[in-house]
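Could you build all of it, start to finish, from the sequences and the hints given here?
Each chain, letter by letter, is given below.
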Amino acid sequence: MNAQTQITEVTPSGETREMSYAEAIRDAMAIALDRDPTVVLMGEDIGTYGGAFQVTLDLIDRYGPDRVMDTPISELGGAGVAVGAALTGLKPIFEFQFSDFAALAMEQIVNQAAKLRYMLGGEAAVPVVFRMPAGSGTGAAAQHSQSFEAWFGHVPGLKVVQPSTPEDAKGLLLAALADPDPVIVFEHKLLYKMKGQVPTGYYTTPIGKAAIRRTGSDVTIVASAIMVHRALEAAAKLAEEGIEVEVIDLRSVRPIDRDTIIASVKKTGKLLCVYEGVRTLGVGAEISALIAESEAFDYLDAPIQRLGGAEAPIPYNPDLERAAVPQKADIETVARRLAKGEV
Amino acid sequence: MPTEVIMPKVDMDMATGTLAVWHVAEGEAVKKGAALFDIETDKAAMEVEAPASGILRQILAQPGQVVAVGSPVAYLYAEGEAVVALPAETPSAAPAVVAVAAPAAAPAAPAATPSQTVAQVANGAADLRATPVARRLAREAGLALSNLLGSGPRGRIQRADVETALARREAAALAASAPVFAPAVQAAPDEWTAQPGDLHVTTRKGTGTPLVLIHGFAADSTGWMALERALPRDLPLIRIDLPSHGRSPLRRLSGFADLAKTVVQVFDRVAEGPVHLLGHSLGGAVALAVSDIRPRQVKTLSLLSPAGLGPEIDGAALNGIARASTADSLAPWLKRLTARPDGISHDYAKAAMLARIDPDLRAAQQEWAQVLFPDGVQAFDLTAALERVTAPTLMIWGRDDRILPWKQALAAPGEVALHLLRGVGHVPHMEDPDTVAALLGRHMK
Amino acid sequence: MIVQDNIPFAIRHFAPAQLREALRKMHLIRLFEEGAEESYMRGLIHGTMHLSIGQEASAVATCMELTDADKITSTHRGHGHCIAKGADVGRMFAEFFGKETGYCHGRGGSMHIADVKTGNLGANGIVGGGLPIAVGAALTAKRLGRDDVTVCFFGDGANNEGAFHEALNMAAIWKLPVIFVCENNKYGMSTPATYATAVPNIADRAAAYSMPGVTVDGNDFSAVAEALHIAIARARAGEGPSLVENLTYRWRGHSKSDRNRYRTKDEIEDWMSRDPIARFRAELIAHGVLDAAGAEAVEAEAKQAVADGVEFAKASPAPGIADVTKFVHAEEAA
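As you go down the protein sequences, you meet chains P, Y and L in turn. Residue numbers for the first sequence follow this note's numbering, beginning at 2 and rising by one. Residue numbers for the second sequence follow this note's numbering, beginning at 624 and rising by one. Residue numbers for the third sequence follow this note's numbering, beginning at 20 and rising by one.
Treat the hints as calculated values from the structure; they're not laboratory data. Mixed in with the good hints, there may be bad ones.
Below, simulated SDA-like cross-link-like pairs (lysine to any residue); rule was C-alpha separation at most 25 angstroms, straight line [claimed, not checked]:
hint: 1; chain 1: Y; residue 1: Lys828; chain 2: P; residue 2: Glu245
hint: 2; chain 1: P; residue 1: Lys238; chain 2: Y; residue 2: Thr826
hint: 3; chain 1: P; residue 1: Lys341; chain 2: Y; residue 2: Arg759
hint: 4; chain 1: L; residue 1: Lys118; chain 2: P; residue 2: Pro157
hint: 5; chain 1: L; residue 1: Lys161; chain 2: P; residue 2: Leu34
hint: 6; chain 1: Y; residue 1: Lys828; chain 2: P; residue 2: Ala330
hint: 7; chain 1: P; residue 1: Lys341; chain 2: Y; residue 2: Ala783
hint: 8; chain 1: P; residue 1: Lys329; chain 2: Y; residue 2: Glu895
Given below as structure tokens:
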């Protein structure tokens, strides 16, 4: 179904450059637009405005409005156009202004994009990428701060990734684009300004593979997105007390990297899942269950713990907003109690 | 009549035992006194001797099964004696199997005794808490968890608890390989080396004000097990192992004040607000000293047969216990601890000896006995401290205490509540844990 | 004698072979659906089905000028669209029977019937689901510089979905080669379009998107074909989308569980008297495209194809149970 396309190779140069998370995503999109003429960007105000978070800034000047398309404020229709375009030979990257607005487009993402290949018995493909700025911490309150990873992770046919570093933000976006199936990329809004060394040129970060950001033998923390950084800060503090925490950056919610998590829990015997989405029925529930069902069960030396978002919408008041999602101190406290056998 | 072979009680607070292995196969002959089967407690794997000569028949408990104390596990028949059908309808005929440790072992309780089985389960292994890794390690090592003390919240057995038990069992195996009649496992050296590190503290999580426990001379925190079972399950506990005792490092001691100072330091670290404080014997003296030094941190004070309230003490027993290097030399002294000496079996003494298998520990405790109780006299006097204590104070003493005479309790001022237990010796928390727990419960309210 | 001026558009515009083929497809749709209905009653098909019997002219006339490169998006009432676009009824029956040889390898069934190779992007179980997708397909054609067009079938019910507004608006602002074909069969399940829709004709809504809108007799093959001819030409010329409303009627209920409580017997019989197949067939005979015997032969051909199709489907293997997750993702990426 997909049109034959000329793909210009941009080889990795072996060099790195310091970029912000947002710049790394923009770099990935520019590389994609350069190397593959079927790639188009779609979304609300992604043109001259540069996107709600300035991620697509200047791309319209470089690639023109035919390839960097402002869509009307039509999330359902826009997502559907991206699905139809992907079904027939384009490779759209569709930006939702806020991941919350994807609720307007659930029909096209969940009923169409995720299922078309299957419903059509493998005769069709929907290589679309949905970019979703997500997460709290910006004072934007209940309808602009949510973390929907688990929602989409529940849908067979979708892949869901959550980069936590500029390097992965670029590598996972390029991997999402190279994937023959729909991929949802959750970008944490508080990470957009985070700087890091990013390889120049084209490369992909494998989807479905977690990254061990810190090794340790006492407690395993599986965290995603901004929680990775909070977990690393907590781990550094605990190391001063002699508690060695292993921090796994989940990176991919679906497919989930069972092997890495199981191996770590077998080593430490203690597991703490940290995620920003609502705790109940969240990503941590899946991780807990997969450990409980796996051979790692017989290595557990404490009940599995979860730190997730409060059972409430994200509130406006800054103190309430902080209280609604796991913070470094929460992670530190629970990890310490786990390590000391107090849980 | 065939001779009943039962699961013996070898530990004072033992309610069940795990049958580890049979040394004699069904149908084989065995001589009285020969090793018949092994059982496991938290202290060790222990041999049980044949109570009579005969042919072993009707084995009722398979390896891995947890059996209630006193239940038959097999029968010994005389040569040519007709085998009597097991009275299946009589509950006592079948062993009260409490739990099956190994999944592959025989099915649980016989159908004929369901009510008894249920009752045993309720009191025994069903409410045992252990982490998966603790269960796995125990399973792999053939160790029963039911008698382990868990250091985790609500008494949950964790990996470290199993590892400690396994280390002890290993030490026991080494000791057992030495001839029984050898003069000593290993003579206590004159020279021993003090060790660095903090005192060993274990906690049990719960709700409300915690109870801090300080054990007596030559004991350790595992001695609280019977009392802990009698106390409310949600009562948080903080157990301190005195230096040179249990899992705490070995320390030299200049005198009682030195010991009190060391414990106060630990107390300051573990007691986050006012706590209930309980001490036994030497630990009672320490608890009294702590209450004197930190009056605002002690909500209530409870003393079981406390030291420090008079000069008399059975110094011979203390020295004997500290010095004993075999179960045979330990047992006679242990018998002095309780009102009913027959409660101390040889097997119990063997188990107690295992906790004292480290010759350096014994050497350190002998030195302590010289410092604290020179010439069989209590070299420290806390009666003035008892006068000063402001926290409500409870004192429990056994009328048959042969180590510290109960009359020393009369040194207490009028505000102190005194309970003198009949038929109880020096270890009321082991001899009558239910009464002690009930008194404590009222006192701490 | 027939006056030249009164010759319908279709007769003038299409070659006799094309018209004969159109009649064959209309018979094929009717016979296929009757066959499916019978198979359903025999328990060979589970789930439910939405039959389009009575709407054959709309499906076939709409697709007359489409090639395999042109795309359609279809609806839950999509059997006719699928056959009109060129699908094989054997593989369709196989799909309905849940067989591995079906178009969707037994994963889709009636409601997701598709034939991607002939440009059918699939029937859709979501009312209005295909509207934005059709716009996306048209976007691809425009972006890649191809001249293929996309026809988006939808029903009168879908015209009240938000997706309708968003899709038509985007198609218009980007001047995309897409033709929105509304098959107005008067009822969205049981709710009359006249009750549920604020405008008398759905085509009136085209004005809101600055695109041409036309309402035609959907049971008149030639009228539909003519409206599509104009809309397709406009799309291929890069002038943008159109909205065509085909007024038609489904003889059967909404689905197999419909008890027809919301319409009268008279109404149904009235519409059955306006059978689009009989009408087209008479027209072809009247204009000498074929004679009665020729028409019989066309119908017999269709009958044979349906009989063969059922046999093929019956004889086909079922998918392996172990393959339940096959086709969720691309094989290489699974």
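Taking the hints in turn, this is what the structure says about them:
1. For the suggested pair Lys828/Y and Glu245/P, the alpha carbons sit about 23 angstroms apart, so the restraint of at most 25 angstroms is met.
2. Using a Cα cut-off of 25 angstroms, the hinted pair Lys238/P and Thr826/Y holds, with the two alpha carbons roughly 24 angstroms apart.
3. With a C-alpha separation of about 20 angstroms, the suggested pairing of Lys341/P with Arg759/Y holds against the 25 angstroms cut-off.
4. Straight-line distance between C-alpha atoms of Lys118/L and Pro157/P comes to about 22 angstroms, which keeps the hinted pair within the 25 angstroms bound.
5. At roughly 17 angstroms between alpha-carbon atoms, Lys161/L and Leu34/P fall within 25 angstroms of each other, so this suggested pair holds.
6. Restraint check: the Cα-Cα separation between Lys828/Y and Ala330/P comes to about 22 angstroms, which is no more than 25 angstroms; the hinted pair holds.
7. With a C-alpha separation of about 11 angstroms, the suggested pair Lys341/P and Ala783/Y falls inside the 25 angstroms cut-off, and the hint holds.
8. Taken as a hint, the Lys329/P and Glu895/Y pair is honoured in the structure, with Cα atoms around 24 angstroms apart against an allowance of 25 angstroms.
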